[in-house]
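Number of protein chains: 2
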Amino acid sequence: MAKNPPRTKPPRGNAVIGQSGGPTAVINQSLAGAVEALRDTLVRKDVVKRIFGMRHGVNGLVKDDLIDLTKVKGKALDRVARSPAAALGSSRDKPDRDYCNAILNACSARDIRYFFYIGGNDSSDTCRIVSELADEAGYDMRCFHIPKTVDNDLVGSDHTPGFPSAARFVATAFAADGLDNASLPGVKINVVMGRHAGFLTAASALARECFEPAKKKSGFEPGPHLIYLPEVPFDTDRFIAEVQEVYSRLGRCQVAVSEGVQDKDGTPIATRLAQGLDRDAHGNVQLSGVSVLGDALADLVKRNVKTSSGKQARVRADTFGYLQRCWPDPSPVDAAEARAAAEFAVACAARGFQSGSVAITRRKGKKYRAEYGRIDLRDVAAKTRHMPESFIKGTSNVTRAFSEYCRPLVGPLPRLARLGS
Amino acid sequence: MAKNPPRTKPPRGNAVIGQSGGPTAVINQSLAGAVEALRDTLVRKDVVKRIFGMRHGVNGLVKDDLIDLTKVKGKALDRVARSPAAALGSSRDKPDRDYCNAILNACSARDIRYFFYIGGNDSSDTCRIVSELADEAGYDMRCFHIPKTVDNDLVGSDHTPGFPSAARFVATAFAADGLDNASLPGVKINVVMGRHAGFLTAASALARECFEPAKKKSGFEPGPHLIYLPEVPFDTDRFIAEVQEVYSRLGRCQVAVSEGVQDKDGTPIATRLAQGLDRDAHGNVQLSGVSVLGDALADLVKRNVKTSSGKQARVRADTFGYLQRCWPDPSPVDAAEARAAAEFAVACAARGFQSGSVAITRRKGKKYRAEYGRIDLRDVAAKTRHMPESFIKGTSNVTRAFSEYCRPLVGPLPRLARLGS
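First to last, the sequence lines map onto chains A and B.
Numbered continuously in our numbering, the first sequence closes out at residue 421.
Numbered continuously in our numbering, the second sequence closes out at residue 842.
One chain only, chain A, in its complex shape (with noise of 0.2 Å):
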């Protein structure tokens, strides 16, 4: 950020607080480190009198419905933080410059000068928007985004808060399934949450690992079988040919498709196989809550893939939904993080920053250990990273480096057996 010092006097006045986008496990641990750590140091000295929490985002702001969370008590914000979902409410609002001036307007009339977004990539953008806004108008506000995203698809940083915890509820569940898969052998596809980026569905992976080292001895080749992400182009054809190997070889297959898988041309594979599909606010084709996709590739399959006798396979879907961002058992890593990336974005405010995000990136070593930097709002805001693709095998798998990285962020998997294949 060239146009501004890097540092200033932090100014006196008013801090607010919200949370935007979809929600996550974690998101509390992010809302309460900030208002402790706002407490701990701008509000003990003084330079912020009232800490505001913005009800369902900067909706709530522009309407002046704020929460007075200055002396909320230290166990209320325990609770809240262990507890998922946005505790302050969320909204889907994607402000432009109008509404930014709104927000900005709000802002100027409750004198808040501190200004905490907690987002993924639209809610940064929204931060940049305002930060300028507030710049061009001369008015002292610091902006900003603390990240968040199931998608973990924020550039600059290793991975997002959220991420870690829908990761651990997706490995479980794949573990769990293919159990499953396993006592009613058959096809079975999990359609995961992830619309651009394919890590949520990628972390299906480490399921894998919750049966070693008995599956060599056992002969039980544990799933998922097959990994589709919206990386790699989805073909109709191939996908059949290759639940079909699978499902020849093992008598049983289990699939991971993102929801968000795409053909060649970019298209996504749910509008090619269903009508009539919501649009969000924002013109995106509605992929959560819906589960065509699951039972379209069914279909498919149930139209295609043989038994050795020449039957239909016995194939079902399940669409894991929102359980996958709201389940109740976060990744302690995680949980840890939320928090810390939360209170680093106050520690940036106190020390005199201006604004910015906060990226986190991984120490190199042998042991896991995240590290947090500050980093220009311009250079996360609106934009979306992919699966490198160092982490994607062929056109259905992925890498040992993917669980590598994978690994360490999501907490102990539940360690499983089987009898036999």
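Since the hints were made in silico from the structure, they are not lab data.
Please note: incorrect hints may appear among the correct ones.
Here are the simulated DSS-like cross-link-like pairs (lysine-lysine), alpha carbons at most 27 Å apart as the crow flies [claimed, not checked]:
hint: 1; chain 1: A; residue 1: K94; chain 2: B; residue 2: K732
hint: 2; chain 1: B; residue 1: K515; chain 2: A; residue 2: K311
hint: 3; chain 1: A; residue 1: K393; chain 2: A; residue 2: K366
hint: 4; chain 1: A; residue 1: K311; chain 2: B; residue 2: K732
hint: 5; chain 1: A; residue 1: K306; chain 2: B; residue 2: K515
Covered stretches of chain A (chain B as the covering partner; in silico rule of three or more C-beta atoms under 8 Å from a C-beta of chain B) [as the list claims (entries may be wrong)]:
hint: 6; segment: 75-86
hint: 7; segment: 166-176
hint: 8; segment: 305-318
hint: 9; segment: 322-330
hint: 10; segment: 409-416
Taking CB as the label site, the calculated pair distances span [stated by the list, open to error]:
hint: 11; chain 1: B; residue 1: R693; chain 2: A; residue 2: G310; range: 29 to 37 Å
hint: 12; chain 1: A; residue 1: K73; chain 2: B; residue 2: G794; range: 46 to 54 Å
hint: 13; chain 1: B; residue 1: D658; chain 2: A; residue 2: G310; range: 40 to 48 Å
hint: 14; chain 1: B; residue 1: I661; chain 2: A; residue 2: K75; range: 24 to 32 Å
hint: 15; chain 1: A; residue 1: R272; chain 2: B; residue 2: N725; range: 25 to 33 Å
hint: 16; chain 1: A; residue 1: G310; chain 2: B; residue 2: G559; range: 37 to 45 Å
hint: 17; chain 1: B; residue 1: K685; chain 2: A; residue 2: R362; range: 55 to 63 Å
hint: 18; chain 1: B; residue 1: P753; chain 2: A; residue 2: K71; range: 53 to 61 Å
Think of the CB as a built atom: it goes at the ideal place given N, C-alpha and C, for glycine as much as any other residue.
Since the structure of chain A is already known, use the hints to place chain B on it.
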């Protein structure tokens, strides 16, 4: 069992154990419990020589696809016991008399004198037929049914192993999803397993208790706000009116719907709302593993439920699917009871009983405690238990009596909180 003397000397020979029907999170506790109890009693006394496991239920038995479990290490058995889904493999076969004759022949060929079958009402019927055929043939074989079903629909028992863990998943899911729904308000429909009996759908009501005592203070009204059971005829117009009422009052509405809801003539709503549904081997419409009911109900709400400004309500539907029956965090009560029920069946065999099923009853008193009893196979076989009227409140809720019934079964649920309503 008037035809058979209740107790005679246990015959020498082998034992076989199988698992049948939809798997559960604790069905392997029953397997491990039966094997360990056999080893501690009849094997130790040299009455039983070998313990066989059927691969995929009676299907494996008639094909002589067996695993020798006599000397499986305790540690391996423990790991299996803690793993969901049928470790031996399960089967959807529903044997008729001819099939049961083949079972009997297979038992005779292996000198099997003890037949243990872990399953639901179809499995108890298999036990009954095989037991009667053995009697007719003068072949001394003891047949014991070990109860298992997430549907909780076996007659003669207070509840059935497998149900408490599935109920635990459903209650936890509704609590977390309820916070998600409060974050991004709208109508959220969650479809729960249970074709004929509404116990599992009813268990969603326990989600409301995850928020006490904070809920009064915050004004947060936890869901599910509406619960639709297969026992209560489903009326589409009333459904729309009830959703509209809650939505108008709270700005959101979380709905629990059993996959088996049916109209006043007994026609499943899923069948009415959609075409081309599969039928399973029993001729039943396949309701799990497809998401058509949730999507169709969501569509119904979209077309008929309005915001205060006359706009379409935001509507999402999730079908919880197989994770309900295999999530690897079982209720501790359920895990212990699934094991104890199997041990009780073995104890019956060791004490010389001819055949039977295990019924779990609840001791009267403040503190929850289960008791185990032997009941006649004919009193369980192929019968279905439904939610009693005392558990059903109006058209779309459950009573306090149901919550009191269900609460001690599921184990501790998460304590969650929110800020404001």
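Against the structure, the hints:
no.	hint	verdict
1	A:K94 x B:K732	holds, 19 Å
2	B:K515 x A:K311	holds, 19 Å
3	A:K393 x A:K366	holds, 24 Å
4	A:K311 x B:K732	violated, 48 Å
5	A:K306 x B:K515	holds, 23 Å
6	75-86	holds (count 8)
7	166-176	holds (count 4)
8	305-318	holds (count 4)
9	322-330	holds (count 7)
10	409-416	holds (count 3)
11	B:R693 x A:G310: 29 to 37 Å	holds, 33 Å
12	A:K73 x B:G794: 46 to 54 Å	holds, 50 Å
13	B:D658 x A:G310: 40 to 48 Å	holds, 46 Å
14	B:I661 x A:K75: 24 to 32 Å	violated, 42 Å
15	A:R272 x B:N725: 25 to 33 Å	holds, 29 Å
16	A:G310 x B:G559: 37 to 45 Å	holds, 42 Å
17	B:K685 x A:R362: 55 to 63 Å	holds, 60 Å
18	B:P753 x A:K71: 53 to 61 Å	violated, 39 Å
Hints 4, 14 and 18 from the list above are not met by this structure, while the remaining hints are.
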